[in-house]
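Novice: So you can see what is in the structure, the chains are spelled out below.
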Amino acid sequence: MTAAGYTPSEMMIAAAARELAGQRVCFVGIGLPNVAVNLALRTVAPELELIYEAGAYGAQPARLPLSIGDPTIVTGSLAVMSQADLFGLYLQRGLVDVGFLGAAQIDRFGNINSTVIGDYAAPKVRLPGSGGANEIALHSRQVFVVMRQSKRSFVASIDFCTSPGSSGSGRRGPSVVVTDLGVYHFEADGEMRLDTLHPGVSLDDVRAAIDWEVLVSPTLSQTPPPSADELRLIREVLDPDGRYTR
Amino acid sequence: MTAAGYTPSEMMIAAAARELAGQRVCFVGIGLPNVAVNLALRTVAPELELIYEAGAYGAQPARLPLSIGDPTIVTGSLAVMSQADLFGLYLQRGLVDVGFLGAAQIDRFGNINSTVIGDYAAPKVRLPGSGGANEIALHSRQVFVVMRQSKRSFVASIDFCTSPGSSGSGRRGPSVVVTDLGVYHFEADGEMRLDTLHPGVSLDDVRAAIDWEVLVSPTLSQTPPPSADELRLIREVLDPDGRYTR
Amino acid sequence: MRDAVATLVRDGDSVAIEGFTHLICFAAGHEIIRQRRRDLTLIRMTPDVIYDQMIGAGVARKLVFSWLGNPGVGSLHAIRRVTEGAQPTLELEEYSHFGMVGRYIAGATNLPFYPLRSYEGTDMPAANPRIRPLASPYGDERVYVVPPINPDVTIVHAQRADAAGNAQVWGLVGAQKEAAFAAERVIVVVEELVDESVIRADPNRTVIPGLIVDAVVHEPYGAHPSYAQGFYDRDNAFYVEWDAIARDPQRLTDWLETWVHGSSGRAEYMERLGPTVRDRIRPTGTAVAGAIDYGEYR
Amino acid sequence: MRDAVATLVRDGDSVAIEGFTHLICFAAGHEIIRQRRRDLTLIRMTPDVIYDQMIGAGVARKLVFSWLGNPGVGSLHAIRRVTEGAQPTLELEEYSHFGMVGRYIAGATNLPFYPLRSYEGTDMPAANPRIRPLASPYGDERVYVVPPINPDVTIVHAQRADAAGNAQVWGLVGAQKEAAFAAERVIVVVEELVDESVIRADPNRTVIPGLIVDAVVHEPYGAHPSYAQGFYDRDNAFYVEWDAIARDPQRLTDWLETWVHGSSGRAEYMERLGPTVRDRIRPTGTAVAGAIDYGEYR
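Residue numbers (my numbering), protein chains in the order written: chain A, 1 to 246; chain B, 1 to 246; chain C, 1 to 298; chain D, 1 to 298.
Don't take each hint at face value.
[What the hints assert, rightly or not] Under the rule of at most 35 Å between Cα atoms (straight-line distance), these lysine-lysine pairs were calculated in the DSBU-like manner:
1. D/Lys62 x A/Lys124
2. B/Lys151 x B/Lys124
3. C/Lys62 x B/Lys124
[Claimed, not checked] Derived coverage of chain B by chain D (criterion: at least 3 residues anywhere in the stretch with Cβ under 8 Å from a Cβ of chain D; other residues may be distant):
4. 56-64
5. 74-80
6. 90-102
Hints in this document: simulated from the structure, not taken from any laboratory.
From a predicted model like this one, the values you see are computed outputs, not experimental measurements.
The beta carbon of each residue, even a glycine, is placed where N, CA and C say it ideally should be.
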């Protein structure tokens, strides 16, 4: 908890949840995105339909799921599907409006690395790899990225492209990046643009945590802090143990 | 019923059932093949495993199924599968040892027509078409053909090739053809060869019902007539109403 | 049903009423006839009696299919009349069963083609130029491919669904899932409209998620004369009777007048069929699946 | 389990223990370690802790996978040790999730390739030359394709099966069906060995037919520390604990000595874990699926 009365993670979750206003079908994994999506369901997007990447639709978890395949997302869900159906019939078919991604590295065009740090054949760090991230990036109508930012993660050039951004290819790439410092969207030409700074964060803080000359919105403003209602839902309902948000 | 004490259909069924000795997995539709396969199960091939083309494995029908999708093949079966799985995982995967086909026309190399009589674009008779016959012919280890024969069905040149025979292509084609007149197998070069004549049938009868110069086995013999046990099973257990066998 | 068809099925649409021998939604087909839709492209693996009726009624200009017969009985005579002879008036586009399944899969998963090991050595690709050969980029194998099909409307019958269209099916499942996901619009017709809690109690049985469903219609006996596993049997006598009706264009027209145009909908149709038919298609008993436990995880 | 692994898993084999977070057969993985198999190619979408244990034990020379992490916890440290730095000793072959699924589907349906709309615009095809572009024969679209995978052995865990291996699963079904049909040999491990009549009472639940199964092993709790829907919960505490064990090669070796080599099998392993663990993974209650009726048709 900071002096502000909430953590950077709580700010990230509240900001990510607000971006879901007006969206319908969301593809969601466990962790921060799961909390953000469930917050949106209870605030700005009550009609949101959730597809868990482990293969369940319409889940009503009785507890906060601990891992992607927690049995609580199955019991009481509307449908369970195989991985073949999940990726083929739902994701590749284009039924998903919003997919969430994390990233070890991201560049100014939203290209994402979650595979290796260093050389692919002899890596410095072997990361988990794509999983479904490649397909989530290519097939969701919009991709939301939620990650902490630093000069090591917001880099001029990523070591490996796991999920494509928008650069020069006509592809969409991510549409929103929410970090612990601010919220970014993308220009028509695909470049990431800082739109709001979280309360207490300066532009210099951002520049110190980004490895390229950041494009700043001419109407740069402050992210509204988490409301009392948002904080209550996060703390009392969605993550009472503070697993993802402390 | 003929003077012989059994019908030509009963002879066909008994002869087809005997050919199943030693086989394991059989892909079966409704009608004559269903009766033949169930006769084999009770006589020469007790270990036979049945896959019904409507999508059921290990069926134990409580009555003789009336159509390919009779609900009695589902209740009490071991597994139900989609058409995608049936054709992909079972048939194309190569799990099926024997598939049965009927035919409107067959040629001396086992090429089969079940699509049209006459020109495809303006047919004299529009037949049902392939259904699964194309895949059954291509993917079963052995194909059994059961059909009545005449100069109009055993033809020198078929009007349309729905299911491939063995001619000149290295493909297998059918391995057995059982008709109301006799039993045929195939030479190494793929030509159909008459091996046995049913009791009471002469070689002239066959020649009058076949539109090419038939190849006759040098050891041509008589098909053993249906045994008392075979007839009892057909008449009392498998087709008590005589739907397929009278 | 009237509203669903009025809103979601338009003249000129491509329409798939799927269900492999099981759960064929005759009620929807009749409503399409009743509302006198025209120029439809009808899609089905096995056109069955329902498409013989619809084509006999003149709703279609084209048929996409893989097996054209009256199962266990013989021919579909109304369709034969418009496809035989020198001047067929119904356009046909023909595949094998797996070819049709592959088209649905490609449509349902947004693939530009689906590969199959069918067709080699036959006349089917020559008869349908949409069936094309494709070399594997691994080694020297060649397969055939079929293009995606995306019906404007897919109509499926299910044993039960909730109000949002989350539909559960048991017994033969055919290609309904693939046909529904491939479609632009989906109508689900059910024997029982159930509370969402019934669906949630057994999510592995859900074949079609409400997510893709545009209308849910509660229409008991909507699959007669085909069947609904556990609810009623196939009315084989009607399939046999249809053979004689469809052979005679006048009898066919009279049948449509009486049983389709002359009937307000499925309830009246079943009322007129009366207790004799309902008795003959009643299952002889029950065969209840054993309970399983999903477990509560709090 | 001892006999099944002794007979069906050989040095140098490719082995897939599938199960997406659910029903991961740790018991089979441990038996493979116990019998000191070598030079295996291990195949799994999510290698998970079981493959970290197996690779830490030295059974494998290669890993085919799509997501290499300890779900909800972090890294798989034993695998990282042999894949990072200048001289990795474990060969990796890497796909996305759908790429792995596509490989299983191609293997399971005997296709020479499976098409996907994945990979465009990324470095994944450059890193794995088995991922290849392919032009659609319809129009100018391009997709990527992956080759079939046919494991020598696939091992799946299920809630129940009969003696012939007809296996029923509920809850998440992952890619077990495809992985099993793709394999040359299949081992099914179950929580409950049931009479054939239990399977026949609900044929729509059967995911794997006995037809393709070579051995059935009755091994309650065989999926711990993963879970079996309705039987026990995921043992998350162990997944967290494994992070610390696997970081330290000596601790990992000690763990394997104690819990794998020092244990005769799953029964002894569960006995040693004791009531504390069994209590913590017990579901908090039941959630029984409603009955359905298949109908009797005589």
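Novice: If you test the structure against every hint from before, which numbers come out violated?
Specialist: Going through the list in order, the structure violates no hint and respects every one.
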